[in-house]
Amino acid sequence: MLFRLEKRREPSQLMRYLTPVAAVVLTMVVGAIIFSLIGYDGIGAVREIFLTPLTNSYKWQDLGVKAAPLIIIGVGLSIAYRANVWNIGAEGQYVVGGLAGTWVALATHGLNGPWILPLMVLAGVLGGMAYAAIPALLRTRLNVNEILTSLMLTYASVQLIYYLIRAPWKDPMGMGFPQTRLFAEAARLPTILPGTIVHLGVPIAVLVALVAWFIMSRSVFGYQMRVVGTAPHAARYGGFSENKTIWLAMLVSGGLAGLAGVLEVAGPFQRMVPGFPTNYGFTAIIVAFLGRLNPLGVIFAGLVMAITFVGGEVAQTTIGLPNAATGIFQAMVLFFLLGGDLLVRYRVRRVHGAAAPGTA
Amino acid sequence: MDASMPLRLQLTGITKQFPGVLANDNISFGVKPGEIHALLGENGAGKSTLVKMIYGIMQPDAGEIRWNGEPVVITNPKAARKLGIGMVFQHFSLFEALTVLENIALGMDGSLKSRELEARIREVMHTYGLLLDPHRTVATLSVGERQRIEIVRALLLDPKLLIMDEPTSVLTPQEVEQLFEVLRKLAAQGCSILYISHKLDEIKALCDTATILRGGKLVDTCDPKQETSRSMAEKMIGTGLRDIVRAKGRQLGAPKLVVSRLSTHKTGHFDVPVNDVSFTVRAGEIFGIAGVAGNGQNALLDALSGEILGDDKEAITLDGYPLGLLNTTGRRKRGLCAVPEERNGHAAVGEFSLADNSVLTARDRLGMVMLGLINSGAAKTYTGKVIADFAVKALGPGSMAGSLSGGNLQKYIMGREILQRPSVLVVSQPTWGVDAGAAAAIHQALVDLAAEGSAIVVISQDLDELLALCDTLAVINLGRLSAARPVGEVSVEEIGLLMGGVHGATEASNAVPA
Amino acid sequence: MEIIIPIIVTLVFAATPILLAALGELVVEKSGVLNLGVEGMMLVGAIAGFAGQFYTGNPYFALLCGAMAGAATSIIFGFLTLSLSANQTATGLALTIFGTGFSALAGAPFSARPIQLMGPLFPAELASHPVLRVVFGYSAPVYFSFFMVFAVWYFLEKTRPGLILRAVGENDLSAHSIGYSVKLVRYLAVLFGGAMAGIAGACFPLLLTPQWAERMTAGRGWIAVALVVFASWRPFRLLGGAYLFGLVMTMELYAKAGGGPLSAIPSELWAALPYLATIIVLVLISIRRDASTNAPACLGKPFLPTN
Numbered sequence: 025m026l027f028r029l030e031k032r033r034e035p036s037q038l039m040r041y042l043t044p045v046a047a048v049v050l051t052m053v054v055g056a057i058i059f060s061l062i063g064y065d066g067i068g069a070v071r072e073i074f075l076t077p078l079t080n081s082y083k084w085q086d087l088g089v090k091a092a093p094l095i096i097i098g099v100g101l102s103i104a105y106r107a108n109v110w111n112i113g114a115e116g117q118y119v120v121g122g123l124a125g126t127w128v129a130l131a132t133h134g135l136n137g138p139w140i141l142p143l144m145v146l147a148g149v150l151g152g153m154a155y156a157a158i159p160a161l162l163r164t165r166l167n168v169n170e171i172l173t174s175l176m177l178t179y180a181s182v183q184l185i186y187y188l189i190r191a192p193w194k195d196p197m198g199m200g201f202p203q204t205r206l207f208a209e210a211a212r213l214p215t216i217l218p219g220t221i222v223h224l225g226v227p228i229a230v231l232v233a234l235v236a237w238f239i240m241s242r243s244v245f246g247y248q249m250r251v252v253g254t255a256p257h258a259a260r261y262g263g264f265s266e267n268k269t270i271w272l273a274m275l276v277s278g279g280l281a282g283l284a285g286v287l288e289v290a291g292p293f294q295r296m297v298p299g300f301p302t303n304y305g306f307t308a309i310i311v312a313f314l315g316r317l318n319p320l321g322v323i324f325a326g327l328v329m330a331i332t333f334v335g336g337e338v339a340q341t342t343i344g345l346p347n348a349a350t351g352i353f354q355a356m357v358l359f360f361l362l363g364g365d366l367l368v369r370y371r372v373r374r375v376h377g378a379a380a381p382g383t384a
Numbered sequence: 009m010d011a012s013m014p015l016r017l018q019l020t021g022i023t024k025q026f027p028g029v030l031a032n033d034n035i036s037f038g039v040k041p042g043e044i045h046a047l048l049g050e051n052g053a054g055k056s057t058l059v060k061m062i063y064g065i066m067q068p069d070a071g072e073i074r075w076n077g078e079p080v081v082i083t084n085p086k087a088a089r090k091l092g093i094g095m096v097f098q099h100f101s102l103f104e105a106l107t108v109l110e111n112i113a114l115g116m117d118g119s120l121k122s123r124e125l126e127a128r129i130r131e132v133m134h135t136y137g138l139l140l141d142p143h144r145t146v147a148t149l150s151v152g153e154r155q156r157i158e159i160v161r162a163l164l165l166d167p168k169l170l171i172m173d174e175p176t177s178v179l180t181p182q183e184v185e186q187l188f189e190v191l192r193k194l195a196a197q198g199c200s201i202l203y204i205s206h207k208l209d210e211i212k213a214l215c216d217t218a219t220i221l222r223g224g225k226l227v228d229t230c231d232p233k234q235e236t237s238r239s240m241a242e243k244m245i246g247t248g249l250r251d252i253v254r255a256k257g258r259q260l261g262a263p264k265l266v267v268s269r270l271s272t273h274k275t276g277h278f279d280v281p282v283n284d285v286s287f288t289v290r291a292g293e294i295f296g297i298a299g300v301a302g303n304g305q306n307a308l309l310d311a312l313s314g315e316i317l318g319d320d321k322e323a324i325t326l327d328g329y330p331l332g333l334l335n336t337t338g339r340r341k342r343g344l345c346a347v348p349e350e351r352n353g354h355a356a357v358g359e360f361s362l363a364d365n366s367v368l369t370a371r372d373r374l375g376m377v378m379l380g381l382i383n384s385g386a387a388k389t390y391t392g393k394v395i396a397d398f399a400v401k402a403l404g405p406g407s408m409a410g411s412l413s414g415g416n417l418q419k420y421i422m423g424r425e426i427l428q429r430p431s432v433l434v435v436s437q438p439t440w441g442v443d444a445g446a447a448a449a450i451h452q453a454l455v456d457l458a459a460e461g462s463a464i465v466v467i468s469q470d471l472d473e474l475l476a477l478c479d480t481l482a483v484i485n486l487g488r489l490s491a492a493r494p495v496g497e498v499s500v501e502e503i504g505l506l507m508g509g510v511h512g513a514t515e516a517s518n519a520v521p522a
Numbered sequence: 003m004e005i006i007i008p009i010i011v012t013l014v015f016a017a018t019p020i021l022l023a024a025l026g027e028l029v030v031e032k033s034g035v036l037n038l039g040v041e042g043m044m045l046v047g048a049i050a051g052f053a054g055q056f057y058t059g060n061p062y063f064a065l066l067c068g069a070m071a072g073a074a075t076s077i078i079f080g081f082l083t084l085s086l087s088a089n090q091t092a093t094g095l096a097l098t099i100f101g102t103g104f105s106a107l108a109g110a111p112f113s114a115r116p117i118q119l120m121g122p123l124f125p126a127e128l129a130s131h132p133v134l135r136v137v138f139g140y141s142a143p144v145y146f147s148f149f150m151v152f153a154v155w156y157f158l159e160k161t162r163p164g165l166i167l168r169a170v171g172e173n174d175l176s177a178h179s180i181g182y183s184v185k186l187v188r189y190l191a192v193l194f195g196g197a198m199a200g201i202a203g204a205c206f207p208l209l210l211t212p213q214w215a216e217r218m219t220a221g222r223g224w225i226a227v228a229l230v231v232f233a234s235w236r237p238f239r240l241l242g243g244a245y246l247f248g249l250v251m252t253m254e255l256y257a258k259a260g261g262g263p264l265s266a267i268p269s270e271l272w273a274a275l276p277y278l279a280t281i282i283v284l285v286l287i288s289i290r291r292d293a294s295t296n297a298p299a300c301l302g303k304p305f306l307p308t309n
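Chains as they are written, first to last, in this note's numbering: chain A, 25 to 384; chain B, 9 to 522; chain C, 3 to 309.
Rather than coming from a laboratory, the hints here were simulated on the basis of the structure.
For glycine and all other residues, C-beta sits at the position ideal for the given N, C-alpha and C.
Watch out, some of these pointers could steer you wrong.
Examples of chain C residues lying across from chain B (beta carbon under 8 Å, computed) [claimed, not checked]: (1) Ser176; (2) Ile180; (3) Ala299.
Some chain B residues flagged as far from chain A (calculated, every beta-carbon gap over 12 Å) [unchecked claim]: (4) Leu125; (5) Leu140; (6) Arg192; (7) Asn365; (8) Leu486.
Sample of chain C residues with no beta-carbon within 12 Å of chain B, all distances over it, derived [unchecked claim]: (9) Ser130; (10) Ala142; (11) Ala169; (12) Glu172; (13) Asn173; (14) Tyr256; (15) Ile267; (16) Leu271; (17) Leu275; (18) Pro307.
Starting from the given sequences, assemble the full structure and let the hints guide the process.
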């Protein structure tokens with residue numbers, strides 16, 4: 025053994041913020057090598073996935089639009105994970121939020137007024153919350169693991185879309201396609217830059233992250249989330265109820281996922297289609313971790329993941345890299361990040377001479 | 009013993025360095041065959057590190073270990089057992105969900121058939137009077153019974169050296185006597201015993217030789233029977249002990265904390281609930297609760313602090329105000345603060361800064377919250393005051409609680425609660441694992457708080473501490489509290505019997521002392 | 003009889019991958035490790051099994067490919083959580099994301115290219131007999147799963163390595179202090195879990211639908227994880243649980259095939275039923291309350307010896 029791990033007296037703050045960056049860089053390097061080994065143009069793949077979306081200004085609006093839902097969901101998840109509440113069903117809450125918004129849009133079809141969009145957003149948030157309330161209820165009342173329940177509900181939510189757009193919500197003029205009608209103008213999210221696809225959801229995402237950052241770092245609510253997640257016993261001693269915290273964490277993360285869902289259906293989609301679940305809810309898990317469960321970090325992490333989405337599409341057309349490659353790059357980022365966490369708690373020391381037993 | 013025989017164990021120049029601490033500095037001593045050899049020292053003196061190296065859990069950075077005269081390198085516990093070294097740990101390395109037999113089988117290196125193993129276990133148990141049912145699940149056993157498993161496990165290997173790490177800290181005085189019988193029997197058969205303790209009277213009663221460690225260095229190797237407790241204590245602690253200073257002729261005030269018929273529900277499998285406990289603590293009084301670990305102390309503390317809520321609001325009153333249905337925050341606002349036994353993860357969050365830890369319990373009493381937002385400046389200022397007043401060795405309010413040593417963290421926690429000037433303070437094991445200097449400071453702070461008119465409840469397993477500190481004493485056993493007695497009027501024997509559950513003289517255990 | 007026997011045969015086939023994956027996860031969890039990457043390992047096993055069958059046509063070799071691929075994938079998890087003490091929950095999720103992406107990438111060239119299903123183990127006279135096929139009508143992995151239920155039980159309860167594995171899951175620090183290598187035991191358990199998940203994944207193209215489809219395991223890995231909880235970490239209860247799910251999934255197949263009272267319910271509800279049933283099952287077991295008492299005490303916690 026040439027190296028030895030030594031526990032740090034205090035976790036390294038430098039490493040905490042350096043490891044996400046290192047994880048992305050390592051992913052690019054290792055990704056290039058692996059993809060070259062399996063017969064693709066590895067360097068080209070990394071270039072197209074990670075750099076082209078940044079150098080091509082035409083792709084920037086794409087980035088913003090893809091980052092917005094990732095950031096909104098990621099912020100919610102970062103709050104829940106801080107509280108040690110493992111909501112991994114954000115995708116399902118996103119879907120139900122989108123469906124709730126769709127319901128309002130369809131019910132108000134033919135009406136007009138500036139109240140329709142806010143009502144849709146409200147319905148989306150409530151829908152996401154309601155769907156997250158099921159795991160919260162089961163966890164707090166019956167101690168049923170929220171990881172499994174929230175995930176199972178995600179699979180079920182996809183079937184709910186299929187059912188609704190196949191039967192009751194089907195567009196009568198849709199030539200048999202399973203989808204709803206196009207939303208009326210009043211139910212569509214306005215773009216904020218004329219001539220682009222950048223919609224109102226993008227500034228909302230940034231605002232959500234900023235507000236969440238302030239609340240998490242300064243308020244008793246944020247303190248409660250952190251202390252319950254870190255040391256539940258101490259939290260109880262400090263007067264914080266674990267069940268209340270679980271509820272809050274689930275509702276906040278579910279509500280934000282629902283918000284992302286309704287913004288997505290009212291923005292880019294403008295109707296409910298079978299392809300509405302686009303994995304944002306799962307990718308946001310990576311976003312939350314890569315952002316170090318810090319809402320400001322989530323903004324950057326959301327952008328990085330958006331880059332890989334946009335870049336993945338670029339690479340598909342330019343060098344014929346299958347779309348699935350994006351998922352591998354995203355998983356690799358998370359692998360490197362989780363492995364790198366060790367450096368936050370330990371330092372690597374060179375050991376001279378005889379082999380000494382390591383700490384690990 | 010024959011003087012020409014080689015030493016069973018000889019250590020020469022053993023040194024072990026940890027980050028920031030020299031845990032063992034050039035330690036040398038020897039253990040003869042059949043000798044009961046005490047390893048004496050304060051918490052943190054380096055005893056545990058030293059025996060971990062003898063048992064192969066750690067490797068020394070320098071020095072030599074000789075076994076029966078031969079130099080050996082003990083790379084792991086398996087190698088230690090092969091040599092004939094057995095160890096009984098302070099914190100038992102038992103598997104709760106497994107049976108006694110399975111637990112013992114795991115400690116055996118050979119692949120003995122379970123029926124043969126059971127026969128051997130019964131034989132050892134019979135020889136030494138260590139009775140246990142091999143098929144019971146460990147989770148259902150008492151602490152004393154669990155220790156017996158560890159001893160049987162060690163004895164099955166026919167050890168030539170048995171290491172006992174603080175074996176009596178969890179036992180009643182009667183159980184201690186039974187243990188000593190076993191150890192003497194073993195030594196008479198030629199097994200050496202390395203007996204780690206910081207309890208001087210035990211060492212005088214049991215051991216042939218004592219090696220005293222202080223701050224990682226060997227201070228002396230002596231015959232404890234030739235020494236007085238005082239002389240050994242001074243070698244162990246270094247400086248003379250500081251006595252607790254109390255005002256003369258104190259008068260206890262009106263009843264402040266009144267607990268009447270307090271009970272809790274059983275929450276976990278290994279949890280002893282509080283059963284119909286009543287007592288009164290007056291202003292200025294320090295009320296001690298003695299008892300062997302695991303007799304409902306944790307449940308009592310949680311019920312008093314508000315972590316466990318009962319259903320009778322009158323079960324706990326402070327100055328006549330019912331607290332029974334308030335949670336910890338509500339009780340703190342009324343003036344009742346508490347310090348649980350477990351520091352890291354319960355009384356404090358190791359991953360948080362000290363300032364953030366102050367927010368945990370002091371936020372309401374000291375106005376650290378406005379409109380749902382935390383005033384971190386106020387938290388830092390208060391934390392700085394705690395650090396200064398209680399001489400906490402920390403870089404500042406921004407230090408992580410987990411980076412502090414056990415004693416310093418305890419000083420911070422005690423300071424955090426005491427400086428809130430609670431009218432009732434409930435503390436559990438206030439000086440557990442704390443060095444003598446810090447313990448004295450904590451004791452003095454408690455006495456001073458009482459002198460200002462607060463009522464204090466101290467739950468401790470350390471009888472000496474309670475006898476030195478308290479005005480009144482009661483004993484908790486299986487969740488029931490004995491009648492309270494003034495400290496001057498009660499003998500150690502009596503307390504020992506109460507701790508062991510012998511309730512001969514205390515039928516009226518629910519009586520509230522006058 | 004004519005209705006019952008095909009139903010039983012279908013449900014046994016449908017339940018087998020879940021049972022195999024759950025048996026692997028049970029051993030992993032008994033050692034104190036929570037690997038939530040079962041779904042990912044199954045997908046990697048599925049594509050490896052598919053490729054093995056596609057190129058060689060030897061289903062046993064294909065199953066071996068699945069086992070090796072699943073085990074290889076589990077090494078990533080083992081390295082991160084055991085050697086680098088990374089968070090097990092997060093790493094398991096990452097493994098599933100990785101497995102999904104990897105299998106999709108590796109499987110892209112194989113889409114719409116059918117393979118041969120694995121044939122029954124017994125001769126056709128028995129395997130196709132209208133009644134006896136309820137016993138003899140299955141292919142080898144089904145019988146392997148029966149055997150493994152017994153083998154896992156015997157290993158855990160009756161052998162010394164099994165005892166050590168349980169001890170490591172019960173109290174890792176104690177096991178370490180006695181001198182057992184916690185990491186080695188857990189690595190082996192994780193590898194076994196990966197191999198079993200890989201075989202389970204390979205069963206999808208070999209036993210159920212003879213082609214490659216992205217995400218073809220459709221959450222069955224997660225159901226396997228839930229089943230372990232449902233079974234209170236007891237192998238024989240796992241058998242019952244898996245067949246319960248087999249029944250639910252068989253009903254879905256019959257409903258989709260049309261006709262009868264089953265098709266009155268929307269097909270989407272049938273498709274959602276296994277997932278909803280998982281939730282119901284978890285609720286039922288938590289009401290019974292004895293479930294958690296059998297959970298390994300160290301489950302999901304990183305092993306961090308103090309010295």
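The hints, checked one at a time:
no.: 1; hint: Ser176; in the structure: holds, 3 Å
no.: 2; hint: Ile180; in the structure: holds, 6 Å
no.: 3; hint: Ala299; in the structure: holds, 7 Å
no.: 4; hint: Leu125; in the structure: holds, 31 Å
no.: 5; hint: Leu140; in the structure: holds, 32 Å
no.: 6; hint: Arg192; in the structure: holds, 37 Å
no.: 7; hint: Asn365; in the structure: violated, 8 Å
no.: 8; hint: Leu486; in the structure: holds, 24 Å
no.: 9; hint: Ser130; in the structure: holds, 47 Å
no.: 10; hint: Ala142; in the structure: holds, 33 Å
no.: 11; hint: Ala169; in the structure: violated, 5 Å
no.: 12; hint: Glu172; in the structure: violated, 4 Å
no.: 13; hint: Asn173; in the structure: violated, 5 Å
no.: 14; hint: Tyr256; in the structure: holds, 42 Å
no.: 15; hint: Ile267; in the structure: holds, 43 Å
no.: 16; hint: Leu271; in the structure: holds, 40 Å
no.: 17; hint: Leu275; in the structure: holds, 35 Å
no.: 18; hint: Pro307; in the structure: violated, 9 Å
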